[in-house]
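All chains, full assembly: derive it from the sequences and hints.
Chains as they are written, first to last, in this note's numbering: chain A, 1 to 82; chain B, 83 to 316.
Because the hints were derived from the structure by calculation, they are not lab data. Being a predicted model, the structure only gives us computed values, none of them experimental. We put the CB at the ideal spot given by N, CA and C, even for glycine. Check the hints yourself; a few may be wrong.
Said to hold, decoys possible - Beta-carbon label-pair distances, calculated as ranges:
1) A/Tyr-68 <-> B/Thr-154: 16 to 24 Å
2) A/Val-7 <-> B/Tyr-280: 43 to 51 Å
3) B/Val-240 <-> A/Val-71: 42 to 50 Å
4) B/Leu-186 <-> A/Val-30: 26 to 34 Å
5) B/Ser-228 <-> A/Leu-16: 36 to 44 Å
6) B/Thr-96 <-> A/Leu-6: 17 to 25 Å
7) A/Val-17 <-> B/Glu-239: 20 to 28 Å
8) B/Glu-123 <-> A/Val-7: 26 to 34 Å
9) A/Arg-78 <-> B/Asp-178: 26 to 34 Å
10) A/Ile-76 <-> B/Glu-145: 27 to 35 Å
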Amino acid sequence: MTVATLVPLQSVTLALVAAAATLVVLTRDVQRQILVNGIYGILLVILFTVFAAPDVALSMLVVSTVGYPLVVLIAIARSRNK
Amino acid sequence: MFLPSVALLAALLTWSLVAIPHFGHYRGPYGFVLNRVVLPERHMTNVVTATVFDYRGFDTMGEEFILFIAVTGVVLLLREQDRDESSDSEDEIGSDAVRVGGSLAVGVCLLVALWLIAFGFVTPGGGFQGGVALASSLVLVFLVASHKAWSGIASEEVLDPFEGVGAGGYVVVGLAALIGGMAFLTNLLGPGTPGTLYSGGSAPFVNWAAGTEVAAAFLILFMEFIEAYVVPLA
Numbered sequence: 001m002t003v004a005t006l007v008p009l010q011s012v013t014l015a016l017v018a019a020a021a022t023l024v025v026l027t028r029d030v031q032r033q034i035l036v037n038g039i040y041g042i043l044l045v046i047l048f049t050v051f052a053a054p055d056v057a058l059s060m061l062v063v064s065t066v067g068y069p070l071v072v073l074i075a076i077a078r079s080r081n082k
Numbered sequence: 083m084f085l086p087s088v089a090l091l092a093a094l095l096t097w098s099l100v101a102i103p104h105f106g107h108y109r110g111p112y113g114f115v116l117n118r119v120v121l122p123e124r125h126m127t128n129v130v131t132a133t134v135f136d137y138r139g140f141d142t143m144g145e146e147f148i149l150f151i152a153v154t155g156v157v158l159l160l161r162e163q164d165r166d167e168s169s170d171s172e173d174e175i176g177s178d179a180v181r182v183g184g185s186l187a188v189g190v191c192l193l194v195a196l197w198l199i200a201f202g203f204v205t206p207g208g209g210f211q212g213g214v215a216l217a218s219s220l221v222l223v224f225l226v227a228s229h230k231a232w233s234g235i236a237s238e239e240v241l242d243p244f245e246g247v248g249a250g251g252y253v254v255v256g257l258a259a260l261i262g263g264m265a266f267l268t269n270l271l272g273p274g275t276p277g278t279l280y281s282g283g284s285a286p287f288v289n290w291a292a293g294t295e296v297a298a299a300f301l302i303l304f305m306e307f308i309e310a311y312v313v314p315l316a
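Structure follows, in structure tokens:
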């Protein structure tokens with residue numbers, strides 16, 4: 001059994017994901033928050049890729065770029081309309 | 083109230099973090115077993131898809147029906163019988179860049195989505211990811227073209243059969259094994275040649291059934307949301 005060690009690329013990606021997650025929480029405007037959340041999603045995709053989990057990365061890609069933003073945008077359109 | 087909650091959460095997080103295995107020390111036995119047996123037994127080169135659609139195919143069928151029921155719930159809540167058909171509003175996209183770039187993206191995304199499903203058991207991918215990608219490539223039609231072009235694709239007459247056939251097809255593949263006197267969802271067909279589309283036995287059929295179901299389910303979801311919330315705004 002080979003024991004993997006954390007390579008620099010993985011550490012950098014982990015730090016970027018932590019920073020982006022904080023930014024998502026700190027963004028107060030919902031429309032802007034969706035864009036920041038999209039960047040966070042892409043960073044998670046890169047994270048899963050550098051940790052050698054391409055299948056999970058693909059799932060994250062379709063959820064974070066398509067499924068989630070569309071549903072949230074529609075919810076915002078709905079609440080603005082009221 | 084805030085500070086005690088934070089302290090409790092921090093304590094629980096620390097407690098759970100000190101006990102996890104060190105980086106790179108994988109403890110579960112199943113990963114090693116599957117990595118060893120998938121290629122000789124099933125001739126599939128993507129162990130993840132082999133696990134999802136073959137070794138634990140029954141769980142995946144449950145997941146597929148969770149999506150099916152969720153979409154049924156949305157449809158029950160949002161679909162109206164007498165939705166006015168007069169929604170041919172002028173919503174042509176003004177920007178040439180969006181139209182041209184977007185139209186090219188539709189083709190590229192469609193191709194990538196079909197590749198993700200078809201080669202899901204050879205390279206990374208599979209019915210679930212490919213299905214959502216397929217649905218999103220068609221949602222792009224709504225974004226770059228008119229509502230009219232979108233409603234040509236996204237109508238209940240077109241999508242409902244696909245969703246039903248996808249969900250039902252999965253069960254049919256499982257029942258075929260029962261008829262042959264084997265356990266539900268037993269891999270019936272020969273394993274084929276590793277690394278090609280002709281591999282994996284009956285798992286590719288299950289994979290395509292799931293892909294069809296997921297794509298149709300997401301399109302129905304978006305269609306109902308757009309008709310109920312976005313079209314009234316236009």
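Index of numbered hints that the structure contradicts, given in increasing order: The structure breaks hints 2, 3 and 7; every other hint is satisfied.
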